[in-house]
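There are 2 protein chains.
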Amino acid sequence: MRDVSIAAAGITPAGEHWESSLREMAVQAVQETLNHANVKTLDAIVVGNALSGNLSGQNHLAPLIADYAGLRGVEAFRVEGADASGGLALRMGYLMVASGAAETVMVLGCEKVTDVVGSARVKASATTLDSEYESAQGATPVGVAAMLMRRYMYEYHVSVADFANFSVNAHGNGSKNSKAMYRNLIKADRFAGAPLVAEPINLFDVAPEADGAAALILTSAERAPDLTDVPVRILGSGVGTDTLAVHERPDPLFLSAAKLAADRAYRQANLSPSDIDLFELHDSATIMAALALEASGFAARGEGWKFASENRITLTGDLPISTFGGLKSRGNPLGATGIYQAAEIVLQLRGEAGANQVKDARIAMAQNLGGVGGTAVTHIFGR
Amino acid sequence: MRDVSIAAAGITPAGEHWESSLREMAVQAVQETLNHANVKTLDAIVVGNALSGNLSGQNHLAPLIADYAGLRGVEAFRVEGADASGGLALRMGYLMVASGAAETVMVLGCEKVTDVVGSARVKASATTLDSEYESAQGATPVGVAAMLMRRYMYEYHVSVADFANFSVNAHGNGSKNSKAMYRNLIKADRFAGAPLVAEPINLFDVAPEADGAAALILTSAERAPDLTDVPVRILGSGVGTDTLAVHERPDPLFLSAAKLAADRAYRQANLSPSDIDLFELHDSATIMAALALEASGFAARGEGWKFASENRITLTGDLPISTFGGLKSRGNPLGATGIYQAAEIVLQLRGEAGANQVKDARIAMAQNLGGVGGTAVTHIFGR
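From first to last, the protein sequence lines are chains A and B.
For what it's worth, the working numbering labels the leading residue of the first sequence as 172, then goes sequentially.
For what it's worth, the working numbering labels the leading residue of the second sequence as 172, then goes sequentially.
Treat the hints as calculated values from the structure; they're not laboratory data.
Some clues are possibly wrong.
A pair holds if it fits inside one copy or across any two, identical chains being indistinguishable in the list.
[Said to hold, decoys possible] Heads up, simulated SDA-like pairs for lysine to any residue below, C-alpha to C-alpha not over 20 angstroms straight-line:
(1) Lys350 to Ala526
(2) Lys430 to Glu474
(3) Lys358 to Val331
(4) Lys350 to Glu523
(5) Lys294 to Gly228
(6) Lys430 to Asp214
(7) Lys350 to Thr485
(8) Lys430 to Gly244
(9) Lys477 to Asp489
(10) Lys530 to Pro366
(11) Lys430 to Arg243
(12) Lys430 to Gly241
(13) Lys430 to Ala273
(14) Lys350 to Glu187
(15) Lys530 to Asp448
All chains, full assembly: derive it from the sequences and hints.
Set out below in structure tokens:
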């Protein structure tokens, strides 16, 4: 396999974009990204999107975006794995370049959630669960995550307040990110009293679904210097899966897909958790952040929450996470989230993260989860 | 890139499977395929599916299938490009093996259409068109194809009856295929008088949507002999796209995505149309068969229909098509269609096609279209 680098990254604001359609947001991200690299031709566009068929009545999305972006005819396809779609699209683009089948590939994540509101939106989100054994009984992703959090609190004797700093940190970092959805600060002592969403998960705990689009340009490491002065290398790439239904897992409090994905990426990169300078994890709820830290080798079982309570996750901590706000503050644009994570890492590794910069960041990891951990995609990047 | 071979193919019957769920059909195809090869481990499952989010309330499909097939944890993801999803999944599996990232990959196409009937089904199918400029105005895939057929008949002075042999041939071949959905014969002189679906497309002209699942096992050409005595090589692989909305195309009667995809596959395989012994094309309607023959270099503009009227497409003709019934008789299981095509070609190139055998078939091509030609995927295979 050839080595692959990211030559450019483009981020559009995550949020509620009532004035923009899915295709408009996607085109905006394509153009924003093309502005950042000296690219003449693209061989393919890989689109990560979770729910356009249900939320926008639009399947067959990739050729539409290629056309509207002025790239009619280019190879284009969509990859879907719930909110891990963006990470999966990155992996496919990576493999296209690594194989030699393509020289230059755009990987785009896009999601338009605000075209549908209320119960129809919840129903669409629930299509990422097991349709026969979870969503048919009324389960939703946040409801299932809430059951995990309840069990975790019981098993490890922790309280809601112990998770507070995951959100405090995310909003602290997001407050400095002009592309973030919610830039307000959260106070730790207000966290446990926030309005409930799915007990014990509350409004300050769960990440908001967002409209958003972001993109990357990948090319071979050899060719990358022709496109940019600041390429970022993809060092490892791994995908793991698990049952969709959480109740089918022998050990529901362990995200085995995340462990598989992380181990596969570590092995390829020949690195271990101690080498990671920052970690963009999938904080769709604080419990998912805690479990991701455990499954990915940073914390022992039942101790992931301490990364928050001991305040080790800030920009100056031993493992900065959610450095641009994470899903919680920047927003969770579902199938675009994995591309936002990678694009934010590009800024960190280039030293272009401004007020969000992690000092001397050289190795960074992104982990994108689908559903409640049915899919996990992990990438490790180096400058 | 490494050379890649198909080590095994498994086909389940296409049809109306009221008794089976999507996951059950998928698992059946996985098991059927594993029975045909000496495979110990799989590195990944790539799932091609068009509409499960809309028709089964199930996105995030790939990990679910991996789990139910007894392969929990394996890398798994879904590729979506309308009814070209199967062909796209094959291409992704091909690239995974070609890159060296995977040794052995299963590529699965599956679709469950009969969970939804009537206008809800039509609405789901229409999500493969442009949601803002086609389906919002009531357009459906067959309705758009009907407009192309009408225009073709006008431009080239042909009649509905001139297309008859596309369906006569398909049903003649399908009548000998135990996996085909409709095994009845069609008489040429009854074709033009069949009940209308979307004038001038009638019931004998349009392919039926079907439930179905089929799978392939891919591995490196070097390793294939360990898995099977009869590997089939993938010689070329190409994807092209076009506008989703047919009215946006400068020349609506030319499937430019099909030309791009075919040319890319020919170039990689270093072959031309005259080398192709049989062609599994996307006969979702007879007009699409005629246009595919033109765009792929077999017929001049306006002359694709003559392949039918001159009866050149039978098993003993100069270009056999739809050798197991094609979409018309075997059925069109949307996102599984591209895998059915490839699996049928495997049987042909191995000389295992029985009553459907094309004599001395050595090089075969499959072309899978999405929507009304917004996506085209072409693969060329050799024994």
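Results for each hint:
1. Lys350 to Ala526: Intra 13 angstroms, inter 62 angstroms, cutoff 20 angstroms: intra-copy only.
2. Lys430 to Glu474: Answer is within: at 16 angstroms inside a copy they meet the 20 angstroms cutoff, but 57 angstroms across does not.
3. Lys358 to Val331: Cα proximity of lysine 358 and valine 331: one copy only (14 angstroms, versus 72 angstroms across).
4. Lys350 to Glu523: within (14 angstroms within a copy, 58 angstroms between copies)
5. Lys294 to Gly228: both (14 angstroms within a copy, 9 angstroms between copies)
6. Lys430 to Asp214: between (33 angstroms within a copy, 16 angstroms between copies)
7. Lys350 to Thr485: within (19 angstroms within a copy, 59 angstroms between copies)
8. Lys430 to Gly244: between (38 angstroms within a copy, 10 angstroms between copies)
9. Lys477 to Asp489: So lysine 477 and aspartate 489 pass the 20 angstroms test inside one copy only (12 angstroms; across, 71 angstroms).
10. Lys530 to Pro366: Intra 36 angstroms, inter 71 angstroms, cutoff 20 angstroms: neither.
11. Lys430 to Arg243: Close across copies (13 angstroms), not inside one copy (39 angstroms); limit 20 angstroms.
12. Lys430 to Gly241: For lysine 430 and glycine 241, the Cα distance is within 20 angstroms only across copies (19 angstroms; inside one copy 40 angstroms).
13. Lys430 to Ala273: For lysine 430 and alanine 273, the Cα distance is within 20 angstroms only across copies (19 angstroms; inside one copy 30 angstroms).
14. Lys350 to Glu187: within (12 angstroms within a copy, 48 angstroms between copies)
15. Lys530 to Asp448: within (9 angstroms within a copy, 62 angstroms between copies)
Violation of the numbered hints given earlier is confined to hint 10; every other hint is satisfied by the structure.
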